[in-house]
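Asks: Sequence:
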Amino acid sequence: MNTAGFVVGSIVGGCTGTPLVIKATKSWYNNINLPAFTPPDSIFAPVWTSLYAMMGLSASKIYQSVGFALPLKVFAAHYVLNLLWAPLFFGLKRIRAAHCLNYGLLLTLSVSMKLFYSINKCASLLLLPYFAWLLFATRLNSKICEMNPTKNGYNNAMLEADLIKLQDAARKRVNL
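Residue numbers for the sequence shown follow the working numbering, beginning at 373 and rising by one.
Each hint should be verified, as a subset may be incorrect.
No more than 25 angstroms apart at the CA atoms, straight line, and that leaves these computed lysine-lysine pairs for DSS-like [said to hold, decoys possible]:
(1) 445 with 395
(2) 398 with 515
(3) 398 with 445
(4) 493 with 395
Label pairs and their in silico Cβ distance ranges [what the hints assert, rightly or not]:
(5) 436 with 542: 56 to 66 angstroms
(6) 475 with 406: 12 to 22 angstroms
(7) 375 with 539: 43 to 53 angstroms
(8) 546 with 409: 35 to 45 angstroms
(9) 544 with 374: 28 to 38 angstroms
(10) 469 with 398: 20 to 30 angstroms
(11) 402 with 374: 37 to 47 angstroms
(12) 437 with 521: 21 to 31 angstroms
Hints were generated in silico from the structure; no laboratory data involved. Ideal placement from N, C-alpha and C gives every residue a C-beta, glycine not left out.
Construct the entire structure; sequences and hints are all you get.
Replies: Here it is in structure tokens:
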């Protein structure tokens, strides 16, 4: 696979969670308690597109190197975990499970960066902005968990989603 294939593939794969994110931001997400440092919704798409492009470019540089098998397998595992985050947080509204997943992402990205560095320093450095964003996202997710307590496995995200469903059902019953 060439560099463009890695970059485009990484971006396209990263977009798989977009429908869940859009649906959530139009319903429950903006109704839960969010920290003051939460970026505006308009920031996320360009940031993630850039990060996925750099991830693809980084993986491409490793693929073109001798000894790429193990580092790319570790990074592929990381990428799969990354793709699971949006469905977990936005789709299933499991904000605490998504927070735990963030630590798995940080761990697997750290290992990937170390392995990449031993083969191609530039490939590892291309992942630094993503690592920084992931640290920020982990802190953001942590604060969201803190501000939206869980009781018996039921959190504010689920409550807001259920309220919207009830409102929609009520509107249908009264023909609005």
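Asks: Each hint needs a verdict: does it hold in this structure or not?
Replies: Tested hints:
The suggested pairing of residue 445 with residue 395 is violated, with an alpha-carbon distance near 32 angstroms, which exceeds 25 angstroms. Under the criterion of a C-alpha separation no larger than 25 angstroms, the hint pairing residue 398 with residue 515 is consistent with the structure, at around 21 angstroms. Among the hinted pairs, residue 398 with residue 445 is inconsistent with the structure: their alpha-carbon atoms are about 36 angstroms apart, more than 25 angstroms. With a C-alpha separation of about 39 angstroms, the suggested pair residue 493 and residue 395 falls outside the 25 angstroms cut-off, and the hint is violated.
Between residue 436 and residue 542 the CB atoms are about 58 angstroms apart, so this pair conforms to the stated range of 56 to 66 angstroms. Distance hint for residue 475 and residue 406: a CB-CB separation of about 21 angstroms, consistent with the stated range 12 to 22 angstroms. A C-beta distance of roughly 48 angstroms is found between residue 375 and residue 539, which places it inside the suggested range of 43 to 53 angstroms. Between residue 546 and residue 409, the C-beta spacing of about 40 angstroms keeps the proposed range 35 to 45 angstroms intact.
For the pair residue 544 and residue 374, the supplied restraint of 28 to 38 angstroms is violated, since their beta-carbon distance comes to about 51 angstroms. For the pair residue 469 and residue 398, the beta carbons lie near 22 angstroms from each other, so the given range of 20 to 30 angstroms is met. Separation of residue 402 from residue 374 is about 40 angstroms and conforms to the stated range, judged on CB atoms against 37 to 47 angstroms. At about 47 angstroms, the beta-carbon gap between residue 437 and residue 521 misses the expected band of 21 to 31 angstroms.
In this structure, the hints that do not hold are numbers 1, 3, 4, 9 and 12, in rising order.
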